[in-house]
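As you go down the protein sequences, you meet chains B and W in turn. First residue of the first sequence? That's 1 in my numbering, and the numbers climb one at a time after it. First residue of the second sequence? That's 104 in my numbering, and the numbers climb one at a time after it.
Everything hinted at is true.
For the chain W half of the interface with chain B, some residues (derived, Cβ under 8 Å), not all of them:
| # | residue |
| --- | --- |
| 1 | Leu-194 |
| 2 | Pro-202 |
| 3 | Ala-323 |
FYI, nobody ran anything at the bench for these hints, they're computed from the structure. C-beta: ideal position from N, C-alpha, C; glycine also.
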Amino acid sequence: MTIETTTTGVLALIAIMALVTLITRFGGVFAMSFVRISPRIESFINTMASSVLIAIVVPMAFSGDAGAVAALSVTAVTMLALRKPLPAIGAGIAAAGLVRYLF
Amino acid sequence: MSVASYAYQIQPHKVRQEFFRLFPISLFVVAFGAAFGLAATQQGLLPLEAMLMSTTVFAGASQFAATDMWGTEVSVLPLIAVVFAINSRHLLMGASLYPMLKDVAPLKRYGLLLFLTDANWAVSAQEYQNGRRNLEVILGGGLVLWLAWLVGTWLGVYFGGVLQNPKSLGLDMVLGCFLLAMALGGKKSPRVLVAWGVAALASLAAWKWLPPHTHVVAGALAGGLIGYFWLDQPQHAEQEEGPA
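Chain B on its own, in the form it takes in the complex (with noise of 0.2 Å):
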């Protein structure tokens, strides 16, 4: 099925994308409600909210570029160094605009 990207057509398909996102926003609450938490799944909903974080920016660095890398990888000593998110991530971003100047 296809859509003409007319002016009601590219309405549709704005109106399509919204309601997944919708869905997506409210499906992972909706699940919840009816789930008794015990203490595991607990365990799992809070060990799932960090593994979140890694699982995007792992495969970030592994297919990025140099400039990529040097983010990551300054934003994370800086942050274990310091404790302050803002100067890790402002270092993570000088680092790559620096390495994509200079190669």
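Given the structure of chain B, go ahead and fit chain W onto it with the hints provided.
Here is chain W on its own, set in the frame of chain B:
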């Protein structure tokens, strides 16, 4: 289980505080919004259509992917599949906030979730791991990110040339660096580190061998399984030994 009592009250002053706390990050979101606005108009979307998409969808990566599929016609099922796959991480993000969200009345709960996105979720989830409850950042932080996404889209649509190469400034790495900083700012027990290792391997395997955009969910669920089978002993050992 106790009777539902919605004890969590959203505090307006904290919402304002979180709005300004994520303001620096939102400046980078403006740059991404501009890149999206430019890409969208280059793919043939009208300025108002691009703005409407950013307003209602508010999920950057999936919007970029959608405009890649744009033409005189758009296939609906592939569009749905791609948008769902890219945004399916929201399902897990929302679920991870459920222990806090269950204490909020349903209408407010789902209202908050309209603003759920990576950056404000990461703050809220990490603070929860460290024993603080913060849903205000979902609302306040979400609002500033949403406004930044709209302003950025608007800039990109009308002044596309402003940021022609955000990559050369490292701006494409803002979200990655932000999320990594959030992860490293949390608790790091042996259990968490093992879960991270499993999550990293699973996400890489999924990225290599499974359909595109499934790696976040695959990695996160794999990491979560470690938590399911390996409970955090020090807190629960004395009172809650035995089957849960």
